[in-house]
Amino acid sequence: MIEIILMAHVLFGVGCPLATLWVFVDVLNASPKNLARIRRLSLAAAASMWVAFLIAGYWYVIFYKADKAVILKGPWPFAHNIFMETKEHLVILLLMLATYLPIAAAGNLTANRDARRVVLVVAALIIGLALTAEGSGAVIAMGVKMGLLAR
Amino acid sequence: MKTRHLHPETPGLSKSTRSFGVALALASVLNGLLVVVKEKSPAVQSALQKLTGHHWITHSAIILALFFLVGWGLGRLNGGQGIRLTARQLLATLVTGVVLGGLIIVVFYLVGD
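As you go down the protein sequences, you meet chains V and D in turn. Under the working numbering, think of the first position of the first sequence as 11, with each following residue one higher. Under the working numbering, think of the first position of the second sequence as 2, with each following residue one higher.
Chain V extracted, bound-state conformation (with noise of 0.2 Å):
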């Protein structure tokens, strides 16, 4: 069970740029049409992103010990030393941007280029830190397979 903890902060995580990514290619057609969906996305993102953030911190600080353990012991030991210092200090960044992005997105972005171009920004920069997350999981989950398989 407690895997699944695991597995829904991925979920989320994945959510928050799919969401985010939506916003952006809508913003570049940006209309009275479409205005409220690109509130109700960039809400969506900035909601994935808080559970996301609030369940793999709850795993970070309960569970993640053991897995460090492995992972330090193990042939990858950067996984942890360089992917998860890394990633859980950028996730309080990214966090920040999903949270901003609401906030940019509430202005009339269907006559107002300025903030249609402060929303795609910040819709970029999101995508760019998640997939840079999403990638920093994956090698942290491969210490902890590759320091397991070398025991």
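Just to be clear, a hint being listed does not mean it is correct.
Stretches of chain V that chain D covers, calculated by requiring three or more beta carbons in the stretch to come under 8 Å of a beta carbon on chain D [said to hold, decoys possible]:
no.	region
1	83-95
2	99-112
3	129-135
With a cut-off of at most 30 Å between alpha-carbon atoms, the simulated BS3-like pairs for lysine-lysine come out as follows [claimed, not checked]:
no.	chain 1	residue 1	chain 2	residue 2
4	V	K83	D	K51
5	D	K41	D	K51
6	D	K41	V	K78
7	V	K75	D	K51
8	V	K83	D	K41
9	V	K78	V	K155
10	V	K75	D	K41
11	V	K43	D	K16
12	V	K155	V	K83
13	V	K75	V	K155
14	V	K78	D	K51
Just so you know, the hints here were simulated from the structure itself, not pulled from any lab data. Values in this document were obtained by computation on a predicted structure and should not be read as measured data. By construction, the Cβ of each residue, glycine as well, lies at the ideal position given by its N, Cα and C atoms.
With chain V fixed as given, assemble chain D onto it according to the hints.
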């Protein structure tokens, strides 16, 4: 035809977009600097640990509180109209802050730790 092209564009950004955008840039850089400080100073690491039971929880709480408080505070400047800056200035501040904050963390764990 896109409806927005039928109407004139209105320049400028909302108070919240400006205020929380600058707060985000600032909190991002401080997030990176706090990583370096706590990893290099066992006293800071220990203090963060004692406050909530885990250094990462305290770290996250400090940075998120800073983001919300600074964003709120900047929104109260200029008689409640918020911090004044153009879209170009906001984007430059935002991107510089986020990239710098991210780079501090990545470079620190790659070569500095």
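For each hint, the structure was consulted:
no.	hint	in the structure
1	83-95	holds (count 3)
2	99-112	holds (count 9)
3	129-135	holds (count 3)
4	V:K83 <-> D:K51	holds, 28 Å
5	D:K41 <-> D:K51	holds, 17 Å
6	D:K41 <-> V:K78	holds, 20 Å
7	V:K75 <-> D:K51	holds, 18 Å
8	V:K83 <-> D:K41	holds, 23 Å
9	V:K78 <-> V:K155	holds, 12 Å
10	V:K75 <-> D:K41	holds, 21 Å
11	V:K43 <-> D:K16	holds, 25 Å
12	V:K155 <-> V:K83	holds, 12 Å
13	V:K75 <-> V:K155	holds, 15 Å
14	V:K78 <-> D:K51	holds, 21 Å
Of the hints listed earlier, there is not a single one the structure fails to meet.
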